[in-house]
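Participant: Listed here are the chains, written in short residue letters.
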Amino acid sequence: MRTKTAGISEFIQHKFVRTVQRIAAVLALILITVTVEAQEIDILLKGGHVIDPKNSINAKMDVAIVADKIFRVAANIPASLSKKTIDISGLYVTPGIIDMHAHVFHGADVNSISANSPGGLQADAFSFRAGVTTVVDAGSSGWRNFPLFKSQVIDRSQTRILAFLNVVGGGMVTRYDQQDVTDMNPEMNAYMIKKLHPTILVGIKSAHFWGDFRSVDKAVESGKLANVPVIVDFGEHSPPNSIESLFMEHFRPGDIFTHTFSEHAISETAGGRESIVDVKTRKVKPFVFAAQKRGIIFDVGHGAGAFNFNQAIPALKQGFMPNTISTDLYNLSMNAAMKDMTNVMSKFLAMGMGLQDVILRSTWNPAQVIKRPDLGHLSVGSEADIAVFNLKKGNFGYMDVRRTKISGTEKLEAELTLRAGRVVWDLNGISAPDWQMPAITN
Amino acid sequence: MNKNLIVKIREYAGILVFAACLMAQSALKAQEIDMLIKGGHVIDPKNNINSVMDVAIKDGKIYRVAANIPSTSAKRTVDAKGLYVSPGFIDMHVHVFAGAEEPGFTGFGITNGFGSVAPDDFTFRSGVTTVVDAGSAGWRDFHQFKKQTIDNSQTRVLAFISMAGHGMLGTVHAQDTTDMNPVTTAFIMKEYPDIIVGIKAHHYQGNDFGPVDRAIATGRLTNKPIMVDFGSSTPKLSIEELFMKHFRPGDIFTHTFSGNAASAVTPNGREPIVDGNNKVKPFIFEAQKQGRIFDTGHGGGAFVWSTAINALKQGFYPNTISTDLYRNSRNAGMKDMANVMSKFLNMGMSIQDVILRSTWNPANVIQHTELGHLSVGAEADVSVFNIREGKFGFMDARGSVFNGTKKLEAELTLRAGKVAWDLNGISGPQWDAVSR
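Protein sequences, first through last, are from chains A and B. So in the working numbering, the last spot in the first sequence is 442, and the numbers never skip. So in the working numbering, the last spot in the second sequence is 436, and the numbers never skip.
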């Protein structure tokens with residue numbers, strides 16, 4: 001039977017027990033939290049110099065990854081919180097590089113230029129080893145063969161592959177197909193982009209057209225219907241068309257001019273692409289600055305025939321910078337002056353562009369241009385696509401499509417590449433244990 | 001006029017004509033060499049060259065290799081001071097039958113599939129000018145391989161034909177002994193005598209030497225070597241028996257430094273060349289002495305540091321260095337030929353020994369003695385490379401790292417005299433030296 005006193009003492013006792021219980025619970029919670037945190041980070045990239053232009057980070061910081069996402073970017077995240085820590089002191093860390101102009105619709109049709117062709121390369125053969133985690137195919141497929149591109153290549157690749165749909169239904173098969181105005185169908189293009197593949201298709205490509213502005217205009221019409229930008233290779237008009245008219249009358253802000261630094265020996269009969277730098281005065285044409293101000297995007301698209309130091313060097317000196325750096329990777333560019341994305345990026349370093357500017361134009365800028373603001377940065381919660389670079393010092397040479405060269409003292413080298421939190425490239429084994437670890441037996 | 005003077009004038013005229021002739025001759029000479037690679041350290045094991053020499057190329061062929069060939073005799077001179085010059089590398093084990101076929105059953109989709117890579121994507125940038133496909137195509141698909149890949153590549157592509165009619169379409173096809181026909185295979189080999197260098201037996205899981213013996217039978221019909229990817233059998237078969245009772249001299253064991261870990265194609269793991277104490281098994285030395293060829297074939301799962309390091313320490317060197325380039329090896333520990341060669345350099349193999357095993361040795365093994373050297377008249381497949389000094393790491397198939405200080409880097413690669421790769425533009429003029 002309870003007495004009042006007993007009741008009080010019981011009450012006190014009870015309170016005491018409850019307090020102890022509470023303290024214990026809190027302690028346990030703290031312990032659990034610490035334990036959970038200790039296991040929380042899967043990979044910690046420690047001691048690198050982070051360049052993340054979107055988030056205005058340009059400092060020594062650690063990058064923590066949980067599962068396939070960025071978990072934290074901060075100074076001095078303790079290694080004890082991570083299952084695996086990779087020492088990257090002395091190296092640069094950036095968002096995974098986006099190569100906005102590539103041809104990766106690899107296939108076996110030897111009669112095709114880019115669609116389902118050996119001329120289109122295997123993305124994974126070039127991406128990770130150059131720090132690239134996302135490539136954007138520039139119009140190798142049209143709406144008719146995009147499903148094949150997707151099942152044959154995109155779904156099988158580790159690299160994130162996005163694509164500009166060719167304005168021509170059959171994509172890039174031959175030069176002649178590119179002239180077929182009857183196969184440029186804005187409704188079908190827009191349907192394919194908006195309704196069927198909005199997460200993969202980022203825009204429309206017009207290329208290799210020999211006539212007037214019809215190909216561009218059909219692309220822009222498709223782009224308006226689908227609310228996506230167009231990218232234009234303006235290189236084969238005979239006679240050449242005015243790029244001023246293209247930029248000021250046909251393009252919308254956000255539309256993309258690729259092969260910015262090409263220089264063709266133009267004549268009325270030969271045709272070609274009008275250059276942005278006047279070939280006589282070597283001055284950037286005034287409307288080019290005006291166009292960029294208007295929101296027209298200038299993409300590098302180096303390729304095998306579209307990068308000339310006589311254009312790029314004067315342009316950069318006069319303060320004209322391309323919005324995006326890209327390769328135009330395909331079979332003819334891979335072993336020539338272009339080589340790979342790090343080589344093209346390094347070329348801009350050698351021409352005097354700052355490292356932050358180079359990274360901006362290879363990550364956050366292209367992400368915005370293709371309207372994929374989920375990519376190109378290291379914000380917490382974003383997919384952990386990461387490039388770790390070594391900036392080599394020495395004497396290097398960089399070539400243009402004429403096979404002439406400039407000298408440089410720096411060269412980017414992809415050390416470590418992560419795609420969705422997984423190591424997909426490790427040049428020097430910095431993520432690996434020493435070989436003398438206990439042998440795996442079975 | 002004085003007669004003597006006239007005679008003298010005639011004499012002088014004669015001298016002038018003679019001088020003019022000399023000048024014309026030297027002008028001819030000035031046009032003689034297309035490209036002169038000057039000042040590099042030439043390593044040409046076949047010709048016992050290991051010194052600074054110039055290499056002259058004309059009409060796609062090696063024209064002369066000698067000290068101090070004057071630049072004036074060449075249209076174009078490349079300064080290769082501080083660099084090494086060697087025959088173009090021969091990568092004796094690759095999978096380059098790239099295509100779009102769905103992988104059949106279980107397997108890597110090597111045959112006309114995404115498991116293979118395109119040769120030109122990897123060769124020139126690592127100094128390779130010749131690759132030998134290791135059985136991606138069998139007799140059923142070889143025509144397709146030829147049309148699709150071999151005829152469309154800048155790289156010289158040779159091949160071992162698969163003993164399985166369907167090649168490496170799927171692991172299951174490697175088990176179908178009814179589709180391993182020596183007569184049919186030999187027939188196709190005789191159709192492409194310049195391309196097919198031998199027969200590949202691979203991935204067979206049965207507890208018998210059936211596919212190996214059929215490959216050897218095919219090899220006897222064609223007088224070509226066989227290459228074997230061994231170690232898939234359940235229970236395991238003895239490699240000693242393979243080398244001593246089945247192989248002929250010249251037959252090739254690939255994946256030499258494989259560990260004994262199980263994989264999709266080796267359910268029980270391959271028998272390693274070293275024993276449990278990392279000692280090279282005695283019969284391995286004996287087998288090599290008797291002419292059995294040990295090929296590296298690094299691949300995605302067939303190169304383990306403890307095996308390689310211990311074997312090299314005990315004086316066992318592979319006959320040939322090769323990559324086993326395919327989808328699963330390219331971005332892993334293997335990477336490319338230059339990386340695999342660098343591994344051997346860092347394990348202590350001399351650069352001469354590394355080059356020998358990547359040029360003249362494989363050329364001999366595949367019976368293409370016109371390749372792998374810089375003899376006058378040979379096709380000008382040339383590799384100019386740099387050995388970087390620094391701190392480098394190299395990974396094996398288990399994903400463990402071995403640290404080194406040297407790394408081979410391809411500077412300039414010539415295929416039949418044409419520049420197929422130029423890393424730093426050493427073959428080109430300065431940008432502002434050319435008007436447009």
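No lab work stands behind these hints: they were computed from the structure. Incorrect hints may appear among the rest.
List of simulated lysine-lysine pairs, DSS-like, C-alpha gap at most 27 Å [what the hints assert, rightly or not]:
1) A:Lys392 with A:Lys371
2) B:Lys61 with B:Lys75
3) B:Lys147 with B:Lys81
4) A:Lys46 with B:Lys391
5) B:Lys147 with A:Lys150
6) A:Lys83 with A:Lys69
7) A:Lys392 with B:Lys190
8) B:Lys406 with A:Lys392
9) A:Lys283 with A:Lys54
10) A:Lys60 with A:Lys83
11) A:Lys224 with A:Lys195
12) A:Lys83 with B:Lys391
13) B:Lys75 with A:Lys393
14) A:Lys317 with A:Lys392
15) A:Lys293 with A:Lys224
16) B:Lys147 with A:Lys393
17) A:Lys46 with B:Lys406
18) B:Lys75 with B:Lys418
19) B:Lys46 with B:Lys418
20) B:Lys147 with A:Lys60
21) A:Lys69 with A:Lys46
22) A:Lys392 with B:Lys75
23) A:Lys317 with A:Lys293
24) A:Lys150 with A:Lys83
25) B:Lys46 with B:Lys58
26) B:Lys61 with A:Lys393
27) B:Lys75 with A:Lys84
28) A:Lys54 with A:Lys280
29) A:Lys195 with A:Lys150
30) B:Lys61 with B:Lys81
Participant: For every hint, state whether the structure bears it out.
Facilitator: Going through the hints against the structure:
| no. | hint | result |
| --- | --- | --- |
| 1 | A:Lys392 with A:Lys371 | 33 Å, violated |
| 2 | B:Lys61 with B:Lys75 | 15 Å, holds |
| 3 | B:Lys147 with B:Lys81 | 40 Å, violated |
| 4 | A:Lys46 with B:Lys391 | 19 Å, holds |
| 5 | B:Lys147 with A:Lys150 | 25 Å, holds |
| 6 | A:Lys83 with A:Lys69 | 15 Å, holds |
| 7 | A:Lys392 with B:Lys190 | 50 Å, violated |
| 8 | B:Lys406 with A:Lys392 | 15 Å, holds |
| 9 | A:Lys283 with A:Lys54 | 31 Å, violated |
| 10 | A:Lys60 with A:Lys83 | 21 Å, holds |
| 11 | A:Lys224 with A:Lys195 | 14 Å, holds |
| 12 | A:Lys83 with B:Lys391 | 26 Å, holds |
| 13 | B:Lys75 with A:Lys393 | 32 Å, violated |
| 14 | A:Lys317 with A:Lys392 | 24 Å, holds |
| 15 | A:Lys293 with A:Lys224 | 21 Å, holds |
| 16 | B:Lys147 with A:Lys393 | 44 Å, violated |
| 17 | A:Lys46 with B:Lys406 | 26 Å, holds |
| 18 | B:Lys75 with B:Lys418 | 14 Å, holds |
| 19 | B:Lys46 with B:Lys418 | 23 Å, holds |
| 20 | B:Lys147 with A:Lys60 | 53 Å, violated |
| 21 | A:Lys69 with A:Lys46 | 16 Å, holds |
| 22 | A:Lys392 with B:Lys75 | 33 Å, violated |
| 23 | A:Lys317 with A:Lys293 | 18 Å, holds |
| 24 | A:Lys150 with A:Lys83 | 36 Å, violated |
| 25 | B:Lys46 with B:Lys58 | 21 Å, holds |
| 26 | B:Lys61 with A:Lys393 | 36 Å, violated |
| 27 | B:Lys75 with A:Lys84 | 56 Å, violated |
| 28 | A:Lys54 with A:Lys280 | 38 Å, violated |
| 29 | A:Lys195 with A:Lys150 | 15 Å, holds |
| 30 | B:Lys61 with B:Lys81 | 22 Å, holds |
In terms of the numbered hints stated before, the structure departs from hints 1, 3, 7, 9, 13, 16, 20, 22, 24, 26, 27, 28, listed from lowest to highest.
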